[in-house]
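Chemist: So you can see what is in the structure, the chains are spelled out below.
2 protein chains.
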Amino acid sequence: MLVPEGFLFSAVSCGIKKEGKLDLGLIFCNAEGTSWGVFTKNVVKAAPVILGKKLIKEPITKGILVNSGVANACTGEEGLKRAQKLLSETSKFLGISEKQLLPASTGIIGDQLPLEKILPKIPELIANLSSENPLLFSQAIMTTDTFPKIVSKETKEGIRILGIAKGAGMIAPNMATMLAFILTDGEVPKNQFKKLLPKIVDQSFNTITVDGDMSTNDTVYILSSNLKNIKNWKNFENLCLEVAKELAHLIVRDGEGASKIIKIKIKGSKSKKEAKKLAQAVANSPLVKTAFYGEDPNWGRILAALGKTEVRFDPEKVEIYLNGIPWIKNFKVINKESVIKEEMKKYKLELLVKLKMGKVSYELVTCDLTEEYIKINAQYRS
Amino acid sequence: MLVPEGFLFSAVSCGIKKEGKLDLGLIFCNAEGTSWGVFTKNVVKAAPVILGKKLIKEPITKGILVNSGVANACTGEEGLKRAQKLLSETSKFLGISEKQLLPASTGIIGDQLPLEKILPKIPELIANLSSENPLLFSQAIMTTDTFPKIVSKETKEGIRILGIAKGAGMIAPNMATMLAFILTDGEVPKNQFKKLLPKIVDQSFNTITVDGDMSTNDTVYILSSNLKNIKNWKNFENLCLEVAKELAHLIVRDGEGASKIIKIKIKGSKSKKEAKKLAQAVANSPLVKTAFYGEDPNWGRILAALGKTEVRFDPEKVEIYLNGIPWIKNFKVINKESVIKEEMKKYKLELLVKLKMGKVSYELVTCDLTEEYIKINAQYRS
Numbered sequence: 001m002l003v004p005e006g007f008l009f010s011a012v013s014c015g016i017k018k019e020g021k022l023d024l025g026l027i028f029c030n031a032e033g034t035s036w037g038v039f040t041k042n043v044v045k046a047a048p049v050i051l052g053k054k055l056i057k058e059p060i061t062k063g064i065l066v067n068s069g070v071a072n073a074c075t076g077e078e079g080l081k082r083a084q085k086l087l088s089e090t091s092k093f094l095g096i097s098e099k100q101l102l103p104a105s106t107g108i109i110g111d112q113l114p115l116e117k118i119l120p121k122i123p124e125l126i127a128n129l130s131s132e133n134p135l136l137f138s139q140a141i142m143t144t145d146t147f148p149k150i151v152s153k154e155t156k157e158g159i160r161i162l163g164i165a166k167g168a169g170m171i172a173p174n175m176a177t178m179l180a181f182i183l184t185d186g187e188v189p190k191n192q193f194k195k196l197l198p199k200i201v202d203q204s205f206n207t208i209t210v211d212g213d214m215s216t217n218d219t220v221y222i223l224s225s226n227l228k229n230i231k232n233w234k235n236f237e238n239l240c241l242e243v244a245k246e247l248a249h250l251i252v253r254d255g256e257g258a259s260k261i262i263k264i265k266i267k268g269s270k271s272k273k274e275a276k277k278l279a280q281a282v283a284n285s286p287l288v289k290t291a292f293y294g295e296d297p298n299w300g301r302i303l304a305a306l307g308k309t310e311v312r313f314d315p316e317k318v319e320i321y322l323n324g325i326p327w328i329k330n331f332k333v334i335n336k337e338s339v340i341k342e343e344m345k346k347y348k349l350e351l352l353v354k355l356k357m358g359k360v361s362y363e364l365v366t367c368d369l370t371e372e373y374i375k376i377n378a379q380y381r382s
Numbered sequence: 001m002l003v004p005e006g007f008l009f010s011a012v013s014c015g016i017k018k019e020g021k022l023d024l025g026l027i028f029c030n031a032e033g034t035s036w037g038v039f040t041k042n043v044v045k046a047a048p049v050i051l052g053k054k055l056i057k058e059p060i061t062k063g064i065l066v067n068s069g070v071a072n073a074c075t076g077e078e079g080l081k082r083a084q085k086l087l088s089e090t091s092k093f094l095g096i097s098e099k100q101l102l103p104a105s106t107g108i109i110g111d112q113l114p115l116e117k118i119l120p121k122i123p124e125l126i127a128n129l130s131s132e133n134p135l136l137f138s139q140a141i142m143t144t145d146t147f148p149k150i151v152s153k154e155t156k157e158g159i160r161i162l163g164i165a166k167g168a169g170m171i172a173p174n175m176a177t178m179l180a181f182i183l184t185d186g187e188v189p190k191n192q193f194k195k196l197l198p199k200i201v202d203q204s205f206n207t208i209t210v211d212g213d214m215s216t217n218d219t220v221y222i223l224s225s226n227l228k229n230i231k232n233w234k235n236f237e238n239l240c241l242e243v244a245k246e247l248a249h250l251i252v253r254d255g256e257g258a259s260k261i262i263k264i265k266i267k268g269s270k271s272k273k274e275a276k277k278l279a280q281a282v283a284n285s286p287l288v289k290t291a292f293y294g295e296d297p298n299w300g301r302i303l304a305a306l307g308k309t310e311v312r313f314d315p316e317k318v319e320i321y322l323n324g325i326p327w328i329k330n331f332k333v334i335n336k337e338s339v340i341k342e343e344m345k346k347y348k349l350e351l352l353v354k355l356k357m358g359k360v361s362y363e364l365v366t367c368d369l370t371e372e373y374i375k376i377n378a379q380y381r382s
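Line by line, the protein sequences give chains Z and S.
Residue numbers for the first sequence, in our numbering: 1 to 382.
Residue numbers for the second sequence, in our numbering: 1 to 382.
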């Protein structure tokens, strides 16, 4: 793993989650860090989101403190107080200003942070800080995730980018939270981050929010230790985007109960807005998702999903391809149903829809809908 | 069953569906009927929808011809020709103009109507016409429905209203079709129907289209034999609405895999538009639906669903009630979780959300999301 210079990681178990699982993680920046963040647009915002939105405006950021098990959402004034208390206590031990630590939480909505369990563990959390612990940190932020999500890259000039995320994709991640942290040692002024991060998120994490569902806690932070000068900005920007895209795809791959990953590509649309609407309608249709799960080449469901958006197009002109194999043209099945059915058995699928209305394309990644999703979500708390 | 005067019903099996099931149904009006219709807004419209939209403008309607098994959607020119041919052949045998018969279809999208199987059965279909066959008719229009849906009422002055529907509710009905036919012997001029029907549909069938999913074939026809004079219009209108509402609720009750019926009530909204958005967000949230299925009082999911609509409200002011029992107030659980959990075991649930932002209310009926839904939809064609 390529860990950027200037970062230390730690994780402990406070007993918020059951069975002694890791549930508190810290990323510490050993230098004068700069940061930015992108947050959920949900009207119901968790306490750490409310605080984080303010704290990213501070000139220096020294770390990110994350707990899992409790989302600290719908917790009112008391929730804000507790999140604040947790930040200030941890900062005190770290010897930094409490304004230099960014918060994030994920877990059950409505429960207060059990500070009586968390605060006594802070000294241990800090004592464990090490550049070798990103994996432990990534485990501490998991909820229904079945594997930790880490991606790292290095530019030709040796700038490192490390991404850590949590989220078990499907519709909205269970308990609705997607967290991602992107760390680098490349020097990036705050103003540059403000432009870069939304652009990256739009092309990565936003292309997997498959049904427009939004959590109370969704947060993406980017944080630099500023220890290395970036000469090739373009190369750096591209690698940041790659890290974010790979993390996003790992989230879909870990989609609750998912048995297949499906890329939905819309081509030949009149505008990005329309193409996005169409891609989302197909990606979010339970009938399309269950047909993919059942490996049933039921193309009518795809057309019906496209049609419900009220985007204007000529249904008869629509062409559909599966993994590059021509499927539907002029309402006719081009290749035998058995060919498509066989192709549908693959784990990775690409559904291409050509509209022939214009020149704009858009793509989304989603997964299928299985009985397992129902089981996970019906029994999450019991 | 209260069958309105002037109507005859029939059904036969043409072999479109498997195992000799009834798949062609006819309603015949023995008098000078008037009609109106409301159709799917899906951009992809089935052939019978395209024809039906024109035919309801005719001054006289003598009947409704419906097949199940094949939707005749995404079938192009050939599909229109076949639908037209079916209407003209049936009209010929009935001795009426082909413009006096309304069409509807439900089933697989993309397949052509197998006229070679259907046309030879028309004489038998007509020979079987009887005022005693509404049940047979209702069976002939079923697809994944587990029971036929019939409701009948009579006004104080003896005007009868009979409603017959199909649809197995859930998200969009499987293969996406909801059909409903409302028949009456009360005299109603076409212009009156044009005003009445959209109003009724808005308050009945549109309050169960829980995720905005729309089929290629959705159709509601209203047809009168005009044999009885209506004196109390208000009473008549109310009973028509009741018939439609009861049919809509029967569709939800037959929701694919549904184990519970849930009424979602939003109170205290600033506008109907906002209240509707909020109700739909809750009703369509897979996380809320699976929590109800799992009888898990996970109220955070309800607030998160409300919040994702971007309708402005104060989350902390929101009050939530289940079957009248206070549940959430100021982000606090009012009654013990065990009380709510016990209540959730009931089959019929009412979730009331008070926003305290205004005076407008809106309600929707939905069902939970279960493994059975996935099974039905993953295996529909295989």
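These are computed hints drawn from the structure, not numbers from a lab.
The structure presented is a predicted model; accordingly, all values stated were derived computationally and were not measured.
Treat the hints with care, as some may be off.
Said to hold, decoys possible - Think about it this way: if two alpha-carbon atoms lie no more than 25 Å apart in a straight line, the pair counts; the simulated BS3-like pairs of lysine-lysine are:
#, chain 1, residue 1, chain 2, residue 2
1, Z, Lys-117, S, Lys-332
2, Z, Lys-276, S, Lys-273
3, S, Lys-276, Z, Lys-276
4, S, Lys-375, Z, Lys-18
5, S, Lys-41, Z, Lys-18
6, Z, Lys-276, S, Lys-277
7, Z, Lys-41, Z, Lys-99
8, S, Lys-354, Z, Lys-332
9, Z, Lys-276, S, Lys-41
10, S, Lys-317, Z, Lys-354
11, Z, Lys-270, Z, Lys-354
12, S, Lys-332, Z, Lys-85
13, S, Lys-18, Z, Lys-341
14, S, Lys-41, Z, Lys-329
15, Z, Lys-41, S, Lys-354
16, Z, Lys-332, S, Lys-272
17, Z, Lys-41, S, Lys-276
18, Z, Lys-329, S, Lys-81
Stated by the list, open to error - So the derived label-pair ranges between C-beta atoms look like this:
#, chain 1, residue 1, chain 2, residue 2, range
19, Z, Gln-84, S, Lys-345, 46 to 52 Å
20, S, Glu-342, Z, Glu-116, 25 to 31 Å
21, S, Ser-13, Z, Lys-356, 38 to 44 Å
22, S, Ser-13, Z, Glu-337, 22 to 28 Å
23, S, Asn-335, Z, Glu-242, 47 to 53 Å
24, Z, Ile-334, S, Lys-272, 52 to 58 Å
25, Z, Phe-147, S, Asn-335, 36 to 42 Å
26, S, Gln-203, Z, Glu-242, 50 to 56 Å
27, Z, Lys-54, S, Lys-346, 53 to 59 Å
A virtual CB, placed ideally from N, CA and C, is assigned to each residue, including glycine.
Chemist: Hint by hint, note whether the structure agrees.
Modeler: Outcome of the hint check:
1. Lys-117/Z <-> Lys-332/S: The hint holds at about 21 Å.
2. Lys-276/Z <-> Lys-273/S: 24 Å, holds
3. Lys-276/S <-> Lys-276/Z: 24 Å, holds
4. Lys-375/S <-> Lys-18/Z: This hinted pair is violated, its Cα atoms lying about 32 Å apart.
5. Lys-41/S <-> Lys-18/Z: 49 Å, violated
6. Lys-276/Z <-> Lys-277/S: Cα-Cα ~20 Å, so holds.
7. Lys-41/Z <-> Lys-99/Z: The given pair, whose Cα atoms are some 23 Å apart, holds under the 25 Å limit.
8. Lys-354/S <-> Lys-332/Z: Not OK: Lys-354/S and Lys-332/Z at ~50 Å, beyond 25 Å, violated.
9. Lys-276/Z <-> Lys-41/S: The hint holds at about 20 Å.
10. Lys-317/S <-> Lys-354/Z: Not satisfied, since the Cα-Cα distance of roughly 47 Å exceeds 25 Å.
11. Lys-270/Z <-> Lys-354/Z: Holds, at roughly 12 Å.
12. Lys-332/S <-> Lys-85/Z: Within the cut-off at roughly 21 Å; holds.
13. Lys-18/S <-> Lys-341/Z: 22 Å, holds
14. Lys-41/S <-> Lys-329/Z: 23 Å, holds
15. Lys-41/Z <-> Lys-354/S: Judged against 25 Å, a Cα distance of about 22 Å means the pair holds.
16. Lys-332/Z <-> Lys-272/S: 42 Å, violated
17. Lys-41/Z <-> Lys-276/S: Roughly 20 Å between the alpha carbons, so the hint for Lys-41/Z and Lys-276/S holds.
18. Lys-329/Z <-> Lys-81/S: 20 Å, holds
19. Gln-84/Z <-> Lys-345/S: 46 to 52 Å: Since the Cβ atoms of Gln-84/Z and Lys-345/S sit about 40 Å apart, the hinted range of 46 to 52 Å is violated.
20. Glu-342/S <-> Glu-116/Z: 25 to 31 Å: 30 Å, holds
21. Ser-13/S <-> Lys-356/Z: 38 to 44 Å: 41 Å, holds
22. Ser-13/S <-> Glu-337/Z: 22 to 28 Å: 25 Å, holds
23. Asn-335/S <-> Glu-242/Z: 47 to 53 Å: With a Cβ separation near 50 Å, Asn-335/S and Glu-242/Z satisfy 47 to 53 Å, so the hint holds.
24. Ile-334/Z <-> Lys-272/S: 52 to 58 Å: Given about 46 Å between the Cβ atoms, the range is violated.
25. Phe-147/Z <-> Asn-335/S: 36 to 42 Å: At 39 Å between Cβs, range holds.
26. Gln-203/S <-> Glu-242/Z: 50 to 56 Å: Between Gln-203/S and Glu-242/Z, where Cβ atoms are some 52 Å apart, the hint holds.
27. Lys-54/Z <-> Lys-346/S: 53 to 59 Å: 44 Å, violated
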